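Here's the letter readout for the chains.
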Amino acid sequence: MSKFFVHERGICESENVGDGTRIWAFAHVLPGARIGFNCNICDTVFIENKVVIGDNVTIKNGVQIWDGITLKNNVFVGPNVTFTNDPFPRSKIHLSEYPETVVEEGASLGGNCTILPGIKIGRMAMIGAGAVVTQDVPDNAVVMGNPARVVRYLQDQK
Amino acid sequence: MSKFFVHERGICESENVGDGTRIWAFAHVLPGARIGFNCNICDTVFIENKVVIGDNVTIKNGVQIWDGITLKNNVFVGPNVTFTNDPFPRSKIHLSEYPETVVEEGASLGGNCTILPGIKIGRMAMIGAGAVVTQDVPDNAVVMGNPARVVRYLQDQK
Amino acid sequence: MSKFFVHERGICESENVGDGTRIWAFAHVLPGARIGFNCNICDTVFIENKVVIGDNVTIKNGVQIWDGITLKNNVFVGPNVTFTNDPFPRSKIHLSEYPETVVEEGASLGGNCTILPGIKIGRMAMIGAGAVVTQDVPDNAVVMGNPARVVRYLQDQK
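Protein chains in written order, with this note's numbering: chain A, 766 to 923; chain B, 766 to 923; chain C, 766 to 923.
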């Protein structure tokens, strides 16, 4: 049996959560979500059903992980980061399938950045706080601005 | 008697809510708010008193609807969209009357966009994710950027 | 004994809270935080431990105040404003000490703006809604944009 922590004011409806993961107050995890080991799911985070989250992932407050989003191991998602999963949303119109967003291993998303639907964010990439990411981000790239542009590449990191 | 749903961890203090509307966990609706039929008020949404919301409106997580804001039928408000209602806010200084913000029928506000006070957003307009809207948006316009600019117009839609 | 209000759905773990301060639903204050008199801590706000908040401060919904952040008297923090405290965040890598962010007396932070780590925001400054603040802001300055630039200075205000 998995040993993860759910704060008494948080809600976790999934049983697919790894040992050592902590889910904090006013967070809400829907039944279909799969979450790895040693993750930190902070206050007010919302995680939908068709979601896969790796190990050692940090999701700070005010973030939602929608259907179709995958976060690989060691990803950092800063506070109020906003994912989207519909390129042309209209109320009460639902897509039959959502575009797939993937954040690759070790990437970090700075606070309050916005990720457009169907984006791939490369390994160890660093998204600047407040950036609006409208296209794929290469491995090791640092991006910032609205729309986000690559400003430099990180040296190879272990 | 109106038949709407309030999650056991949500708070609805208004009785002016239409049939079929759902209010989810950690959402909070104040007593004066008027909300139409078949709306979806997601987790952590906050709705103040002098607010009028039409039918079939979707408000995703992390959004607040302040005094003076009207959302017409079929409006979509994406996650973490931020409305404001004071053009020059100072702590403990309250306006006697708030500027009126109106989002017209069928308009969509992309995730994490920001709406300055007193703005009118036209019918079927589409606000890009992460945009900062500083002036009125015409019917059918698509806007993006900070500050938001019109990038194109949609063909007439039913 | 201090007389402050905590909504029955909010959580306040600190005893260092001044008279007249109100902490609303789904807000969460950690034990080490120090908060002054007559503050308004709105729904879903999160306040960490190494935080000092003055008197008459307003913090609107969806804001987090992280370790290392100081808000002086009469500061206004708009909805979904995002502070950060790590210039190069990686999951599971914690700084031994966080850069100090200070918002000086009477300053206002417009809705959904983003404050990079270690920033000083001057007295009575006004940060525009949706701005991304990447460097210190002088007293009385009005800034906006991504990155934020000074657009004018306010006359001396009492």
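FYI, nobody ran anything at the bench for these hints, they're computed from the structure.
Quick caveat, the model's predicted, so the values are computed rather than measured.
The reader is advised that the hints may include incorrect statements.
[Said to hold, decoys possible] Capping the alpha-carbon separation at 27 Å, the derived lysine-lysine pairs in BS3-like fashion look like this: (1) C:Lys768 with B:Lys885; (2) B:Lys857 with B:Lys815; (3) A:Lys857 with B:Lys885; (4) C:Lys768 with C:Lys815; (5) C:Lys885 with C:Lys815; (6) B:Lys768 with B:Lys815; (7) C:Lys837 with C:Lys857; (8) C:Lys857 with A:Lys768; (9) C:Lys857 with B:Lys857; (10) B:Lys885 with B:Lys815; (11) B:Lys837 with B:Lys768; (12) A:Lys815 with A:Lys857; (13) A:Lys815 with C:Lys837; (14) B:Lys815 with A:Lys857; (15) A:Lys815 with A:Lys837; (16) C:Lys857 with A:Lys837; (17) B:Lys857 with A:Lys857; (18) B:Lys837 with B:Lys885; (19) A:Lys837 with A:Lys885; (20) C:Lys768 with C:Lys837; (21) B:Lys837 with A:Lys857; (22) C:Lys768 with B:Lys857; (23) A:Lys768 with A:Lys815; (24) A:Lys885 with C:Lys857; (25) C:Lys857 with B:Lys815; (26) A:Lys815 with A:Lys885; (27) C:Lys885 with C:Lys837; (28) C:Lys815 with C:Lys857; (29) A:Lys768 with A:Lys837.
[To be verified] From the derived model, a few chain A residues whose C-beta atoms are all more than 10 Å from chain C: (30) Asn781; (31) Asp808; (32) Thr823; (33) Thr835; (34) Glu865; (35) Gly871; (36) Arg888; (37) Asn905.
Here a beta-carbon is modelled for each residue, glycine too, at the ideal position from N, C-alpha and C.
To see whether the hints hold, each was checked on the structure:
1. C:Lys768 with B:Lys885: violated (42 Å)
2. B:Lys857 with B:Lys815: Distance of about 19 Å is within 27 Å: holds.
3. A:Lys857 with B:Lys885: holds (22 Å)
4. C:Lys768 with C:Lys815: Judged against 27 Å, a Cα distance of about 22 Å means the pair holds.
5. C:Lys885 with C:Lys815: Given that 27 Å is the threshold and the Cα spacing comes to 17 Å, the pair holds.
6. B:Lys768 with B:Lys815: holds (22 Å)
7. C:Lys837 with C:Lys857: Given pair lysine 837 of chain C, lysine 857 of chain C is violated - Cα atoms ~31 Å apart, limit 27 Å.
8. C:Lys857 with A:Lys768: holds (19 Å)
9. C:Lys857 with B:Lys857: violated (39 Å)
10. B:Lys885 with B:Lys815: Roughly 17 Å separates the two Cα atoms, so the pair holds.
11. B:Lys837 with B:Lys768: Roughly 21 Å separates the two Cα atoms, so the pair holds.
12. A:Lys815 with A:Lys857: It holds: about 19 Å lies between the C-alpha atoms, which stays within 27 Å.
13. A:Lys815 with C:Lys837: violated (43 Å)
14. B:Lys815 with A:Lys857: Given that 27 Å is the threshold and the Cα spacing comes to 25 Å, the pair holds.
15. A:Lys815 with A:Lys837: Answer holds: lysine 815 of chain A to lysine 837 of chain A is near 14 Å, not above 27 Å.
16. C:Lys857 with A:Lys837: Judged against 27 Å, a Cα distance of about 14 Å means the pair holds.
17. B:Lys857 with A:Lys857: violated (39 Å)
18. B:Lys837 with B:Lys885: holds (11 Å)
19. A:Lys837 with A:Lys885: holds (11 Å)
20. C:Lys768 with C:Lys837: Distance ~21 Å between lysine 768 of chain C and lysine 837 of chain C Cα, so the pair holds.
21. B:Lys837 with A:Lys857: holds (14 Å)
22. C:Lys768 with B:Lys857: Judged against 27 Å, a Cα distance of about 19 Å means the pair holds.
23. A:Lys768 with A:Lys815: Measuring from Cα to Cα gives roughly 22 Å; hence the hint holds.
24. A:Lys885 with C:Lys857: holds (22 Å)
25. C:Lys857 with B:Lys815: Not satisfied, since the Cα-Cα distance of roughly 43 Å exceeds 27 Å.
26. A:Lys815 with A:Lys885: Holds, because 17 Å separates the two Cα atoms, which is no more than 27 Å.
27. C:Lys885 with C:Lys837: Distance ~11 Å between lysine 885 of chain C and lysine 837 of chain C Cα, so the pair holds.
28. C:Lys815 with C:Lys857: holds (19 Å)
29. A:Lys768 with A:Lys837: With Cα atoms ~21 Å apart, lysine 768 of chain A and lysine 837 of chain A stay inside 27 Å; holds.
30. Asn781: Given a closest Cβ separation of 20 Å, the condition holds.
31. Asp808: violated (5 Å)
32. Thr823: violated (4 Å)
33. Thr835: Correct as stated: the minimum Cβ-Cβ distance to chain C is 15 Å, above 10 Å.
34. Glu865: Glutamate 865 of chain A clear of chain C: closest Cβ-Cβ about 21 Å, beyond 10 Å.
35. Gly871: violated (7 Å)
36. Arg888: Check passes; 12 Å lies beyond 10 Å.
37. Asn905: Holds, since 13 Å exceeds 10 Å.
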